[in-house]
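Peer 1: Okay, here's what each chain looks like letter by letter:
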Amino acid sequence: GAVVSQHPSWVICKSGTSVKIECRSLDFQATTMFWYRQFPKQSLMLMATSNEGSKATYEQGVEKDKFLINHASLTLSTLTVTSAHPEDSSFYICSARGGGVDYNEQFFGPGTRLTVL
Amino acid sequence: AQTVTQSQPEMSVQEAETVTLSCTYDTSESNYYLFWYKQPPSRQMILVIRQEAYKQQNATENRFSVNFQKAAKSFSLKISDSQLGDTAMYFCAFMVNTDKLIFGTGTRLQVFP
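Chains W and R supply the protein sequences, listed in that same order.
Each residue of the first sequence is one higher than the one before, starting from 1 at the first, in our numbering.
Each residue of the second sequence is one higher than the one before, starting from 1 at the first, in our numbering.
No lab work stands behind these hints: they were computed from the structure.
Watch out, some of these pointers could steer you wrong.
[Claimed, not checked] List time: in silico DSS-like cross-link candidates among lysine-lysine, alpha-carbon distance up to 30 Å: (1) R:55 <-> R:78; (2) W:66 <-> W:14; (3) W:55 <-> W:20; (4) W:41 <-> R:78; (5) R:73 <-> W:41; (6) W:14 <-> W:55.
Go ahead and model the full structure; you've got the sequences and the hints to work with.
Peer 2: Pasting the structure below:
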């Protein structure tokens, strides 16, 4: 199946700094990418949907100025957590969807654990 | 609003036995897709099985099968011959018209030897 990578897998940063997380589709062109947040022992919460070359669509309650999403190419989307605070500590997961027969399927990255001190 | 409900926070089963995880959903749409995802301790989301709402036949993938009851808006997952590697969180998910996935709260499955 299609492979999605995320980098880094784990990041620790100081409060007030910004952190960038990359999501790449390795063997297919991702027309749409999704960013999720998952707290311990909870479900995935969709943060935003991004289409290549256009602005991301954020879910209600997600601060677009805090969580900057850029989908600059068909294989790369980035999530930047600006001025991170301890409450931003979480597990962030991206998924990607391409064209073709499996358009309805999302392929998930392995996730990034963010710890803000 | 479209919602997905998983009423079993935790389940356990003995190795080689069969277990069924429940999922119900609410929508007014007629064309949609249902999924079961597995999230093992590594936290990598893995697609287990998928069902298109317009298909009456229940989907099957090896030891995994679903019981899709469209009128009742129910989509349960049956795992046969449970294996230790099946231990994971299982999420039921729903998607309308290739839009976003809506996840349930998950069921933690523990397989005992």
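Peer 1: Compare the structure with each hint and give your call.
Peer 2: Checked hints:
| no. | hint | verdict |
| --- | --- | --- |
| 1 | R:55 <-> R:78 | holds (18 Å) |
| 2 | W:66 <-> W:14 | holds (16 Å) |
| 3 | W:55 <-> W:20 | holds (17 Å) |
| 4 | W:41 <-> R:78 | holds (22 Å) |
| 5 | R:73 <-> W:41 | holds (26 Å) |
| 6 | W:14 <-> W:55 | holds (28 Å) |
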